[in-house]
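Chains as they are written, first to last, in my numbering: chain V, 1 to 440; chain E, 1 to 282.
It should be emphasised that the hints constitute simulated quantities derived from the structure, not laboratory data.
Just so you know, not all the hints are guaranteed correct.
Mimicking DSSO-like on lysine-lysine, the simulated pairs with C-alpha atoms at most 30 angstroms apart in a straight line are [unchecked claim]:
#1 K440(V) - K55(E)
#2 K433(V) - K175(E)
#3 K153(E) - K375(V)
#4 K156(E) - K39(V)
#5 K440(V) - K153(E)
#6 K83(V) - K212(E)
#7 K55(E) - K437(V)
#8 K153(E) - K47(V)
#9 K47(V) - K156(E)
#10 K218(E) - K52(V)
#11 K212(E) - K55(V)
#12 K153(E) - K433(V)
#13 K229(E) - K433(V)
#14 K119(E) - K39(V)
#15 K439(V) - K156(E)
#16 K218(E) - K318(V)
#17 K156(E) - K430(V)
#18 K55(E) - K364(V)
#19 K100(E) - K430(V)
#20 K218(E) - K83(V)
#21 K37(E) - K439(V)
#22 K119(E) - K318(V)
Not close to chain V: a few residues of chain E, all C-beta gaps over 10 angstroms, as computed [said to hold, decoys possible]:
#23 N8
#24 E70
#25 E99
#26 P117
#27 D123
#28 R133
#29 G200
#30 T265
Every residue, glycine too, gets a C-beta built ideally from N, C-alpha and C.
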Amino acid sequence: MTKLKTFSIGGIHPDKYKITTDSPIQDAGLPETVYIPVKQHIGAPAKILVQKGDKVKVGTHIADADGIVSADVFSSVSGEVIKVEAVEGEFGYHEDMITIRVEGDEWEPSIDRSPGIVRDIPYTPEQIVAKIREAGIVGMGGAGYPTPIKTAVPTDKKVDTLILNGIECEPFLTADDRLMVEKAEQIIIGSKIINKVLGIQNAIIAVDENKPRAIAALSKLTKRYVGVNVQACATKYPQGGEKQLITAITGREVPSGKLPADAGCLVQNVGTVYAIYEAVLKNKPLFERIVTVSGDCCKHPGNFLVRVGTPASFLIEKCGGLCDETAQVLFGGPMMGTSAFNINAPVTKLTSGILLLSDAMTHKELGTDCIRCGKCAEVCPIGLQPFLIGRLVRENMFEETRGCHVSDCIECGCCAYTCPARLPLLDFCKLAKSELKRKK
Amino acid sequence: MEDIVVLNILVLGGIALAAAVVLYFVSQKFAVADNPKVAAVEECLPQANCGGCGKAGCHDFANACAQADEAAFAGLYCPVGGSKVMQQIASVLGFAAVEKAPTVSVLRCNGTCENAPAKVCYDGVSSCRIAARISSGQTGCPDGCLRLGDCVKVCKFDALHIDPVTGIPVVDRDKCTSCGACVNICPRHLFEIRPVAADGSQVYVACRNTQKGAVARKNCSAACIACLKCTKINPEVKVENNLSYIPDTVDPREFGEALASACPTGAIIYQRGTASKETPDD
């Protein structure tokens, strides 16, 4: 048996809890009201184009990218704009959102809603990038970096490998898994679209080996599509991290502070690739995504096709509602996700899951003192020394954490997960990163 | 056996003597002329090394004083020692003393457990700066006190304590030296160093929430709702971004009582004359 590929240092093996692997993607349906945030990406918030009282359709352009690092926002429902102001978001802070009351389900006529798969790509690379930009696509793996900038690699850098990130290493989440099973061909066509922009022929779809169904579905098609390879990887967290995946697949290292293009790679999440397919060949902007609703307190877990802006509470109700044991509602996975302050907060382009967890699963005893076991340094996939960073942060010595390369931290949380003294090492690293950014 | 002991004493003693002689001459040769004023100024300073003056510590401040001319000296101030210490330093250096009104730190939030009840349970790390990054806090007020006491931990003078009843920190005005450590650490920027009137009275708006009145009041009954009643009592009071601010120039002895009683939500706090250890609303 050949050894499965994985990244070289660190990593952990949390329990998988992939209880929704076999649940087909269902349509979540339409809520009464949607709240569409104008900032669902890294960069500047989009500029609002609509006013109170405006009628919109599904796919109507409602907010325009402000600058290069920004993304367009589209209406996910048809109806009337009832409010254009700040609404309490996921973290309790007020964010600018466009509130739309749903009336019917009327789509923009330009969107191709036919079920057939389009296989021809009759566009030039420039046209493709423009189409991706006009569809408001951002990295759907969680980072939310605008995709057109990432895809249009600067001419001084040469990308020779396209990697499709089908690694879903967070426990519970199965959104990408189901997408690969059900939309395998569209994803592969999407990779061909990106190939055309990059001017290369190959693509590697990386899938971890605990998704046999996705591997089978994709492998069946690789005979028809030359240049596409499915690469099974060992299951290890955080294999889905961009830099970890590049190391796992190609053996190359992305230098500190540099981009994957510097290592000759481009990594795209499979969800993003599917969105690219829909945008380029079906004229459909990004306004819906797959969300896993799961957790040990979720009565009817499943994978749903959700319109952006749908309140999380709508999905929770659909899955049986909250029960007495529910202690926390998470947006995203249990490793990197955030505990929601407000469950009426909307699903965004980046929400991969909504988890309802019990106290037994989330409760963490308060931290004691560091016992200097070094486990955090052992599991850190970047090779940092979280115990040292934590110590410096506790003494407010933020400038010194720069020397510990805290800005390279990918916030995977392996250190805090593994710490036997239960120190909140991830929180310390995040604080150090934000303090350094503020001072710069 | 005894020979070894004697030999040891002689050898080690000899080395020590030789080293002492060498060190003596080296220290003579490389002696740095120390400004005697620095030591004299340092004598007067409180030696808290808090950094409240903006320098790296008391020695650094003494250095700055010793090197300063009359104009530059006027810009230096030790908030911990106050006017008394500055007068001493001035007499050491032969300058005119700087007169500054005494100041203390005040908490510009009245989001007590009663005024702003907790909506969610926070069981994360007990640090305001970390909690502020995760959510708006237990109360839901995006600008209010998080009640986790980063300011208490950073105060070197034991002047801040979390009140177990109200949940928010209370400034001990007798101990506060206005060093500014709490001002810098608070992620919500709730502390402000404010002058105290001659009789010890103070008046300030204990709120920093810039949301509209109706939204702010959903989370906290003591939020400033920008009703403008305070501006009618003294036109110097400014209301910007749905939030009132009372500048230092408003004399608390004259307007304090009226401002506090005019505020419909209790966001304006009037500290009566003769410094007491507790804020009156407690």
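Hint by hint, here is what the structure shows:
The straight-line distance between the Cα atoms of K440(V) and K55(E) is roughly 21 angstroms, inside the 30 angstroms bound, and the hint therefore holds. A C-alpha spacing of about 34 angstroms is found between K433(V) and K175(E), which places the hinted pair above 30 angstroms, so the restraint is violated. Restraint check for K153(E) and K375(V): satisfied, since their Cα atoms lie roughly 29 angstroms apart, inside the 30 angstroms limit. In summary, the hint linking K156(E) to K39(V) is not supported, as the alpha carbons are separated by about 41 angstroms, beyond the 30 angstroms threshold.
Distance hint between K440(V) and K153(E) is fulfilled; the C-alpha atoms sit about 26 angstroms from each other, no more than 30 angstroms. Taken as a hint, the K83(V) and K212(E) pair is honoured in the structure, with Cα atoms around 15 angstroms apart against an allowance of 30 angstroms. Restraint check for K55(E) and K437(V): the C-alpha separation of about 24 angstroms stays at or below 30 angstroms, so the hint holds. With a C-alpha separation of about 42 angstroms, the suggested pair K153(E) and K47(V) falls outside the 30 angstroms cut-off, and the hint is violated.
Between K47(V) and K156(E) the CA atoms are separated by roughly 46 angstroms; this puts the pair beyond 30 angstroms, and the hint is violated. Between K218(E) and K52(V) the alpha-carbon distance is near 24 angstroms, which keeps this suggested pair within the 30 angstroms criterion. A distance of roughly 27 angstroms separates the Cα atoms of K212(E) and K55(V); the hinted pair therefore holds under the 30 angstroms criterion. As the CA atoms of K153(E) and K433(V) are separated by approximately 21 angstroms, the hinted pair is consistent with the 30 angstroms bound.
For the hint linking K229(E) to K433(V), the alpha-carbon distance of about 43 angstroms lies beyond 30 angstroms, and the restraint is violated. This hinted pair checks out: K119(E) and K39(V) have alpha carbons roughly 26 angstroms apart, not beyond 30 angstroms. Only pairs whose Cα atoms come within 30 angstroms are accepted, and K439(V) paired with K156(E) is accepted, the gap being roughly 24 angstroms. Our distance criterion of 30 angstroms between C-alpha atoms is met by K218(E) and K318(V), whose separation comes to about 28 angstroms.
Using a Cα cut-off of 30 angstroms, the hinted pair K156(E) and K430(V) holds, with the two alpha carbons roughly 26 angstroms apart. Between the alpha carbons of K55(E) and K364(V) the distance comes to roughly 41 angstroms, so the proposed pair goes past 30 angstroms and is violated. Between K100(E) and K430(V), the direct Cα distance comes to roughly 40 angstroms. Violation of the 30 angstroms bound is thereby established for this hinted pair. The suggested pairing of K218(E) with K83(V) holds, with an alpha-carbon distance near 19 angstroms, which does not exceed 30 angstroms.
Note on K37(E) and K439(V): the hinted pairing is violated, with a Cα-Cα distance of about 35 angstroms set against a maximum of 30 angstroms. Our distance criterion of 30 angstroms between C-alpha atoms is met by K119(E) and K318(V), whose separation comes to about 24 angstroms. For N8(E), the non-interface assignment is confirmed: its Cβ lies about 39 angstroms from the closest Cβ of chain V, beyond the 10 angstroms cut-off. Separation of E70(E) from chain V is adequate, the least Cβ-Cβ distance of about 35 angstroms exceeding the 10 angstroms criterion.
At the 10 angstroms boundary, the C-beta of E99(E) stays outside the reach of chain V, the nearest C-beta of that chain being 33 angstroms off. For P117(E), the non-interface assignment is confirmed: its Cβ lies about 14 angstroms from the closest Cβ of chain V, beyond the 10 angstroms cut-off. The beta carbon of D123(E) is not kept farther than 10 angstroms from every beta carbon of chain V, the shortest such distance being approximately 7 angstroms. Distance check for R133(E) against chain V: the nearest CB is about 6 angstroms away, which does not clear 10 angstroms, and the non-interface claim fails.
Distance check on G200(E): its Cβ is at least 32 angstroms (rounded) from any Cβ of chain V, clearing the 10 angstroms threshold; non-interface status holds. Listed as outside the interface, T265(E) is consistent with that label: its C-beta sits roughly 20 angstroms from the nearest C-beta of chain V, beyond the 10 angstroms cut-off.
In summary, the structure is inconsistent with hints 2, 4, 8, 9, 13, 18, 19, 21, 27, 28 from the numbered list given earlier, while agreeing with the others.
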